[in-house]
Amino acid sequence: MPEPDPLALIQAELDGQLDPQQRAELARRLLADPEARAMREDLQRLRAMLDGLEKVEPPAELKASVLSALPIAAAPGRTLWPAARWRYAALIAGVLGAASLVYETVDGPGESGELAGTMAARRTLTLDRVVLGAGPVSGNVRLYRDAGGLGLAFELASSAPVDVVVVSSGHTLRVNGVVTAGSAGRIKKVALPAPGMGGRRAVDLTFLISGREVARATLTPPEGR
Amino acid sequence: MKEDDDPALVQRCRAGDRRAFERLFERYQRPVFNAALRMLRNPQDALDVAQTTFLKAFEHLADYDPSFKFYSWIYRIAVNESLNALGSRRPFQELDDDEPDGTPGPEREAEGEQTRGEIEAALMRLSPELRIVIVLRHLMQLSYQDMGEILELPEKTVKSRLYSARQLLRQQLLRRGTV
Numbered sequence: 001m002p003e004p005d006p007l008a009l010i011q012a013e014l015d016g017q018l019d020p021q022q023r024a025e026l027a028r029r030l031l032a033d034p035e036a037r038a039m040r041e042d043l044q045r046l047r048a049m050l051d052g053l054e055k056v057e058p059p060a061e062l063k064a065s066v067l068s069a070l071p072i073a074a075a076p077g078r079t080l081w082p083a084a085r086w087r088y089a090a091l092i093a094g095v096l097g098a099a100s101l102v103y104e105t106v107d108g109p110g111e112s113g114e115l116a117g118t119m120a121a122r123r124t125l126t127l128d129r130v131v132l133g134a135g136p137v138s139g140n141v142r143l144y145r146d147a148g149g150l151g152l153a154f155e156l157a158s159s160a161p162v163d164v165v166v167v168s169s170g171h172t173l174r175v176n177g178v179v180t181a182g183s184a185g186r187i188k189k190v191a192l193p194a195p196g197m198g199g200r201r202a203v204d205l206t207f208l209i210s211g212r213e214v215a216r217a218t219l220t221p222p223e224g225r
Numbered sequence: 001m002k003e004d005d006d007p008a009l010v011q012r013c014r015a016g017d018r019r020a021f022e023r024l025f026e027r028y029q030r031p032v033f034n035a036a037l038r039m040l041r042n043p044q045d046a047l048d049v050a051q052t053t054f055l056k057a058f059e060h061l062a063d064y065d066p067s068f069k070f071y072s073w074i075y076r077i078a079v080n081e082s083l084n085a086l087g088s089r090r091p092f093q094e095l096d097d098d099e100p101d102g103t104p105g106p107e108r109e110a111e112g113e114q115t116r117g118e119i120e121a122a123l124m125r126l127s128p129e130l131r132i133v134i135v136l137r138h139l140m141q142l143s144y145q146d147m148g149e150i151l152e153l154p155e156k157t158v159k160s161r162l163y164s165a166r167q168l169l170r171q172q173l174l175r176r177g178t179v
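If you're matching them up, the sequences are chains A and B in order. FYI, in the working numbering the residues of the first sequence are 1 to 225. FYI, in the working numbering the residues of the second sequence are 1 to 179.
Simulated from the structure, these hints should not be mistaken for laboratory data. The reader is advised that the hints may include incorrect statements.
Quick list of the computed label-pair ranges, beta carbon to beta carbon [stated by the list, open to error]:
hint, chain 1, residue 1, chain 2, residue 2, range
1, B, P43, A, E213, 21 to 29 Å
2, A, E25, B, Q44, 45 to 53 Å
3, A, R212, B, D4, 27 to 35 Å
4, A, L31, B, D65, 46 to 54 Å
5, B, D65, A, D5, 21 to 29 Å
6, A, P161, B, Q141, 32 to 40 Å
7, A, E3, B, F68, 54 to 62 Å
8, A, A202, B, R176, 51 to 59 Å
9, B, S143, A, S68, 43 to 51 Å
10, B, Q114, A, V131, 47 to 55 Å
Backbone N, C-alpha and C define an ideal beta-carbon position, used for all residues, glycine too.
Construct all of the structure, not just a fragment, from the sequences and the given hints.
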């Protein structure tokens, strides 16, 4: 019968998987083989380093976002909670928003600004606008429609990073970094999910700094738009 | 079955008890987030993966087979989401920050901190299939059997991947004088 590979014995030892017979065999091999001894020492150090890797606390945002996306009272499961997929898809889309939904302009003069996305050539119609005055966040937010559908354009300033929770047509999106360091004077655009049939058409915005609400606003498209 | 163990919480959750899911979330948010963080090495990506994991778990709880351990099931979702996230990364992101620049910044001045950084970088140089076995074994302290359940692989394959992963890590760290 072939002798067991010393490396396999050493690895099994690391995981506490050796029986007494294998342990004796390993001891014998280590005694006779300095290379195996060196390898064992390396692997033991490696294990100690891996086991010692720091575990970090998840950000509080994780709990807030997951629990806020759960229904108030309903049994989980696809057939019992069809809205769940919408909710979390919207939530994740919002959190991931920077990658795919946010189109940023650089000092754009209103609608004809130089768009980084593919919306540059599209005609844009402003449906509603709100101005934020005194307070930690200032500037304006426009609700607009273009060929791509409804969207929000944020032109804000603040001394701290600002996130916004957007509630629209039953969807909730969190848009992180609407204001960030060095973003003053820039317009950030966020595409909104297509509105469902009926329901409230208003778009509610909650502005957050370090997770704390600092302002609210509501934008309402005119009837028929 | 104790009132607060996983099967009881799953049962209550399936009956519509939202608080039971909150308990499961509290129990598993840390390992799920940390596993994703070690796989992706980016806190924002790890946060996204953890969010998706819990929301998918909630939505699909009706499909969960209680003959399996709940943690194996939710970790499997987390592993798949992490692999999906890695798959959707552009190549430059995969390689980003893999190579230490040799000039530790102020935050890496402490020797221990530098070693940790080197191990993390070495982990990121492993293929995702090898990295995940290291994460499950050493970060989450799971057995070969649990790892096999999560990865849907025979224990023999898990063991073989784990051994290969450790050998590759050892070789990388030896070259850098870390082990």
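Satisfaction of the hinted span 21 to 29 Å by the C-beta atoms belonging to B:D65 and A:D5: The hinted range 21 to 29 Å is violated for B:D65 and A:D5, with Cβ atoms some 37 Å apart.
Whether the CB-CB distance between B:S143 and A:S68 falls inside 43 to 51 Å: violated (35 Å)
Taking 32 to 40 Å as the hint, is the beta-carbon distance of A:P161 and B:Q141 inside that range? holds (36 Å)
When you take the CB atoms of A:E25 and B:Q44, is the distance between them in 45 to 53 Å? holds (48 Å)
If I claimed the Cβ atoms of A:R212 and B:D4 lie 27 to 35 Å apart, would that claim hold in this structure? holds (32 Å)
Can you tell me whether the CB distance of A:L31 to B:D65 sits inside 46 to 54 Å? Since A:L31 and B:D65 have Cβ atoms about 48 Å apart, the given range 46 to 54 Å holds.
Range hint 51 to 59 Å (beta carbons of A:A202 and B:R176) holds or violated: With Cβ atoms ~58 Å apart, the hint holds.
CB of B:Q114 to CB of A:V131, is that within 47 to 55 Å? holds (50 Å)
The hint says 21 to 29 Å between B:P43 and A:E213; measuring C-beta to C-beta, is that right? Holds - the Cβ-Cβ distance for B:P43 and A:E213, about 23 Å, lies within 21 to 29 Å.
Between the beta carbons of A:E3 and B:F68, is the distance compatible with 54 to 62 Å? violated (38 Å)
Taken one by one, the earlier hints fail for this structure at numbers 5, 7, 9, listed in ascending order.
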